[in-house]
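*Asks:* Relying on the hints, combine the two individually framed chains into one complex.
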Amino acid sequence: AQSVTQLDSHVSVSEGTPVLLRCNYSSSYSPSLFWYVQHPNKGLQLLLKYTSAATLVKGINGFEAEFKKSETSFHLTKPSAHMSDAAEYFCVVSNNAGNMLTFGGGTRLMVKP
Amino acid sequence: SQTIHQWPATLVQPVGSPLSLECTVEGTSNPNLYWYRQAAGRGLQLLFYSVGIGQISSEVPQNLSASRPQDRQFILSSKKLLLSDSGFYLCAWSVDGTGELFFGEGSRLTVL
Numbered sequence: 001a002q003s004v005t006q007l008d009s010h011v012s013v014s015e016g017t018p019v020l021l022r023c024n025y026s027s028s029y030s031p032s033l034f035w036y037v038q039h040p041n042k043g044l045q046l047l048l049k050y051t052s053a054a055t056l057v058k059g060i061n062g063f064e065a066e067f068k069k070s071e072t073s074f075h076l077t078k079p080s081a082h083m084s085d086a087a088e089y090f091c092v093v094s095n096n097a098g099n100m101l102t103f104g105g106g107t108r109l110m111v112k113p
Numbered sequence: 001s002q003t004i005h006q007w008p009a010t011l012v013q014p015v016g017s018p019l020s021l022e023c024t025v026e027g028t029s030n031p032n033l034y035w036y037r038q039a040a041g042r043g044l045q046l047l048f049y050s051v052g053i054g055q056i057s058s059e060v061p062q063n064l065s066a067s068r069p070q071d072r073q074f075i076l077s078s079k080k081l082l083l084s085d086s087g088f089y090l091c092a093w094s095v096d097g098t099g100e101l102f103f104g105e106g107s108r109l110t111v112l
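Protein sequences appear in the order of chains A and B. What the first sequence shows, in our numbering, is residues 1 to 113, in sequence order. What the second sequence shows, in our numbering, is residues 1 to 112, in sequence order.
The following block holds chain B by itself, in its conformation from the complex (with noise of 0.2 Å):
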């Protein structure tokens, strides 16, 4: 069966200090990858996508960016983090021709 992985669950960062949060999908090939935020009060935002390695594609401009080194690997990072960053982030992966999301379990990030 497939499995997603995320982590770190949680994470309190500084401003202007890196992130890197990773993802790990199981149990299946080349799947659509995707990183969306979600702010307090908000709904989901779509942050990154990747139909493959080394394709992304970014949704909204902002200081993170995401990287797929892995079929089943997807990365979000920033260089300097900014209070505005702080969220709730998920992972997620699809199969093409579904459109139906299986979700990782989240990391929460706050920035101070």
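For reference, chain A alone in the conformation it holds in the complex (with noise of 0.2 Å):
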């Protein structure tokens, strides 16, 4: 069994101030992890992945996660805030084959000018 929670549904911040979307996981095995955004009215995006390679995973648009076994966590972070960032983000963690994936209810990120 697997299940995912994004702690904050939003999030506000400034333009050019750090960024923390938190997202804690739970799995019986060694899960992949994945940050999808979301513009609106548009499908999702991939914005990077974690498969068990390197702990810190670096994405498009600045973005990074890091995993973190120990807590279970895998939170979303950027250095500086953009206008653009402003979307709908979304944890998913999945299994090891791949065909069974759990989002989590999804963060709205806000910038403010």
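Where hints are given, some of them may not hold.
What the hints assert, rightly or not - Example chain A residues on the side facing chain B (calculated, C-beta under 7 Å, incomplete):
hint	residue
1	G16
2	P18
3	S32
4	P40
5	L44
6	S94
7	G98
8	F103
As the list claims (entries may be wrong) - Quick list of in silico lysine to aspartate or glutamate cross-link-like pairs, EDC-like style, CA-CA up to 20 Å:
hint	chain 1	residue 1	chain 2	residue 2
9	A	K49	A	E71
10	A	K42	B	D85
11	A	K49	A	E88
12	A	K42	B	E22
13	A	K112	A	E71
14	A	K42	B	E100
15	A	K42	A	D85
16	A	K58	B	D71
17	A	K58	A	D85
18	A	K49	A	E66
19	A	K42	B	D71
20	A	K112	A	D8
21	A	K49	B	D71
22	A	K49	B	D85
23	B	K80	B	E26
24	A	K49	A	E15
These are computed hints drawn from the structure, not numbers from a lab. All residues carry an ideal CB built from backbone N, CA and C; glycine is no exception.
*Replies:* So, in structure tokens, the structure goes:
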């Protein structure tokens, strides 16, 4: 069994300040973890993925996430928010075979000028 | 390169009318195909997935159905829409073993 919890449904930051979107997971095996971004009325786009290689994963648009097994976390960070980062972000856990995916509830990121 | 097409992009339908949303994938063979629904203010709900032609698994009981008549074509249907069917429908594909999903642009359905 596996599950994903995104601790914040909404996060608001000012442009130029750091972004932290939190994700905790549970899994009975070594999971693969993903972050996706969804802009309004669009499909989801992969930001980054962790598949048991380096625990610090770098993605597109300056985002990165760190896999912490001891904390069962995979938080998404960015040093400096841009207005174009305003979107909904989903944390996803997958089983080893890659055919069972569980989505978190999503976090809406708002960026203030 | 692989692409995914989903249509129509928006649809307004009366209660009780039929529905057909279509999704096609190009540039890959034998993909896993998925239909998700995203209701307003909620996360993604997996509706159907398919690992091959004619093979459909349903995750949630509902008045929707899915079909896969060809390897890279996935269709979501309903005979009679309900108000609760309104939402944003997303088609996606993946290749076994990766867990990575590639999404279409979505179809917004409003049932009145």
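*Asks:* Between K80 (chain B) and E26 (chain B), is the straight-line Cα distance small enough, at 20 Å or below?
*Replies:* 30 Å, violated
*Asks:* For the restraint on P18 (chain A), tell me whether the closest CB of chain B is nearer than 7 Å.
*Replies:* Violated, because the Cβ-Cβ distance from P18 (chain A) to chain B comes to roughly 25 Å (cut-off 7 Å).
*Asks:* Does D71 (chain B) lie within 20 Å of K58 (chain A) when you go C-alpha to C-alpha?
*Replies:* 34 Å, violated
*Asks:* With the threshold set at 20 Å, check whether the alpha-carbon distance from K42 (chain A) to D85 (chain B) stays at or below it.
*Replies:* With a Cα-Cα distance of about 19 Å, the restraint between K42 (chain A) and D85 (chain B) holds, given a limit of 20 Å.
*Asks:* Decide if the proposed pair is consistent with the structure: K112 (chain A) and E71 (chain A), CA atoms, cutoff 20 Å inclusive.
*Replies:* 30 Å, violated
*Asks:* For the hint on L44 (chain A), does the least C-beta distance to chain B fall short of 7 Å?
*Replies:* Given a least distance of 4 Å, the restraint on L44 (chain A) holds.
*Asks:* Using 7 Å as the Cβ threshold, decide whether F103 (chain A) counts as touching chain B.
*Replies:* 5 Å, holds
*Asks:* Take the C-alpha atoms of K49 (chain A) and D71 (chain B), compute the straight-line distance between them, and say whether it is at most 20 Å.
*Replies:* Given that 20 Å is the threshold and the Cα spacing comes to 27 Å, the pair is violated.
*Asks:* Would the hint on S94 (chain A) be counted as holding, given a Cβ-Cβ threshold of 7 Å to chain B?
*Replies:* 3 Å, holds
*Asks:* Do the numbers back the hint for S32 (chain A), that is, is its least Cβ distance to chain B under 7 Å?
*Replies:* Status holds, d = 5 Å.
*Asks:* Is K49 (chain A) close enough to E15 (chain A), meaning Cα to Cα at most 20 Å?
*Replies:* This hinted pair is violated, its Cα atoms lying about 25 Å apart.
*Asks:* Compare the distance between the alpha carbons of K49 (chain A) and E66 (chain A) with 20 Å, and conclude whether the hinted pair is satisfied.
*Replies:* At roughly 10 Å apart (the allowed maximum being 20 Å), E66 (chain A) and K49 (chain A) satisfy the hint.
Hint check: violations occur at hints 1, 2, 4, 13, 16, 19, 21, 22, 23 and 24; the rest are consistent with the structure.
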